[in-house]
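Line by line, the protein sequences are chains W and X. The first sequence begins at 1 in this note's numbering and counts up by one. The second sequence begins at 1 in this note's numbering and counts up by one.
Don't read these hints as lab results, they were simulated from the structure. Mixed in with the good hints, there may be bad ones.
Under the rule of at most 35 angstroms between Cα atoms (straight-line distance), these lysine-lysine pairs were calculated in the DSBU-like manner [unchecked claim]:
id	chain 1	residue 1	chain 2	residue 2
1	X	Lys-257	W	Lys-42
2	W	Lys-76	X	Lys-16
3	X	Lys-583	W	Lys-16
4	X	Lys-368	X	Lys-381
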Amino acid sequence: MSADISQKEVHWQRTKGLMIWHLIIWFIFSFVVHWFAPQLNKISFIGFPLGFYMAAQGSLIVFVVQLFVFASQQAKIDRECGMAEEE
Amino acid sequence: MSIFNMKGSFVDNLPKIYALYTGGFVVFIILMALLEKAGGSADTIAKLFVAFTIVIYAVIGWLSRTMQVDAYYVAGRQVPPVFNGMATAADWMSGASFVAMAGGIYMGGHPYLAFVVGWTGGYVLVAVLMAPYLRKFGCYTVPDFIGTRYGGNLARFCAVVVLVVASFTYVTAQINATGTIAAFVLQIPFQVAVWIALVAILLCAMLGGMRAVTWTQVAQYIVLIVAYLVPVFWMSQKQGFGVFPQFEYGAAVDRLKELEVLQQVGVLKPEHAVPGMSALTVHHSFAGNDLISKVKFGTLVACMMMGTASLPHILMRYFTTPSVSDARKSVAWSLLFIFMLYFTAPALATLTKLQVLDPSLPTSIIGKSIASVNALDWVQKWGNVGFLKIIDSNHDGLLQINEFFMRGDIVVLATPEIAGLPAVISGLVLAGGLAAAMSTADGLLLAIANALSHDLYYKMIDPKAETRRRLIVARVLLLGIGAAGSAVAALRLTGILGAVAWAFDFAMSGLFFPLVLGVWWKRANTPGAIAGMVIGLGAGTWYLYMVRWGGMTPWLGIDHLRFGIIGAGASLISMVAVTLMTKEPDAETQAMVDEVRIPKGATVLASTH
């Protein structure tokens, strides 16, 4: 029973860690990048002013990729800690 | 499904069924194109498009009818992640996304892109903080989670109230949008059209609840994404921006900077006020470097994201997946399907603006003689229905940027005509707009009716009610809420977008922190959650009233679109303070939170409850 509890503890610690990492990335591409949009607009990226590009497309691509990566990372944590669902 | 002679279960055959459906839809589009060639009028084609798609949705709704509780509330928890992703995307993308977003970017430029960022990034919060845990919980509705996690009828009731306030605000906008399209296509008064719209919406949801709504939403996603992308690809091809303008319109954004100087955008101010329409005064890619502009962008992004993660009609879609890990995958698929439309909208806005502004293109109108512009077909047609207006304020006979007034919605609706595409494409766009508005209306009506039937009626009023009775009550409520929504929509109180943004603010004010902390903070207790919901919703509503009608100057640019910042802030502070002042939840509740945090094992609530 105690082994199970510590296993749950490890699982939750790693889950929390993953959550924090993903929220940091999320915060950067939701807020930080757009805060500097006027400065980024002076840079040209594949023909776009970068500040405009990030809001119209760049941040969105990051979010999509991030969610697929998150799903597989969390599934890996669940498996390694023996907390995954039985198929 | 025996007509298709398929082996295996319905779920196994889903890819085949929807591939057939998509093929059928394409054949229908080709038939309509042939009809147009043979002399069919644009009106007839539009009516056929609308009628054909509604009949399909109704047939799916009929085939999915059910008298089982878990099928009615959570589609039997057997929706595969990819299909749930499509259903969520249709549930999510409303009339506002489909019709208003590109136009908003056209008129508003960079500041408006906060909606694009907010309405996509919110899914990161859904996936990381909410969806998998709510799926593990095994609830039927969002108040079901609040009521069980925090215990007691008062907490459950507060959650129902927040849900109803947020979703009802939203659903009137969707019935309004559905009614607007129906009125336009059938040429009937709007007040009649909203009721016809309601019948169409209820046909999808009445008999099969969540199961029927799921399978119609998948069908609606396919229609709406085809309808959004085909005109853009076609127009882009025709005008030399390549097949995928989404990746190649950078040059167009750059070109607009020169044109904005040439056409004196922002220098010439409109000299008239035209209700519901505006003239272009904002530079396309310009981002303000002052504090208020930056705060306004960030706060709008935050409101739309936290609202996304609190809106019950979205969260409840993830209750329908077969497992917790499928719920996570499904959020990723949802966002991919939503992304397809959202990264196209800015491209569409940019290309359309170029068409109108660039004197070297044959389609341009700014700088041309007013007589020649007034002679254009699309200018006349959309001018007649009150979507655009030309006023020669300096009497020079030429059209300046400050003399051309329009409603943003025209960017999506009129693009096929501006670019000279055939009428069949206009019919397709109408069917797409209808699919977007109907699918969201269905999700919202079901969220409200389910909360009232499951949480209010079954859990609080009559816990002994038998299955049959519960499902009849659920349907009667669906009918009642739908009728109430149509009655309010018929009054035309707000524009589509205003009401949509408010729904997000209401939802985040009352539900965001009670939901997140319910999973991530074991110490969170009942009085804290109740305080969070009541004070959050109260503070948000008060602030909305004060800045919108009470004459108060918004703090730091936090206007009526962003009142959720105040509401959610008050909710967090009061929830934490009250929780810490009262005693921690009992051992049983804490064990329940532990159980929610791991995917393994049975759901916290029994599979039918």
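For each hint, the structure was consulted:
1. Proposed proximity of X:Lys-257 and W:Lys-42 is supported: the alpha carbons are some 12 angstroms apart, at most 35 angstroms.
2. Between the alpha carbons of W:Lys-76 and X:Lys-16 the distance comes to roughly 31 angstroms, so the proposed pair stays at or under 35 angstroms and holds.
3. Restraint check: the Cα-Cα separation between X:Lys-583 and W:Lys-16 comes to about 25 angstroms, which is no more than 35 angstroms; the hinted pair holds.
4. For a cut-off of 35 angstroms, the pair hint linking X:Lys-368 to X:Lys-381 stands: about 19 angstroms separates their Cα positions.
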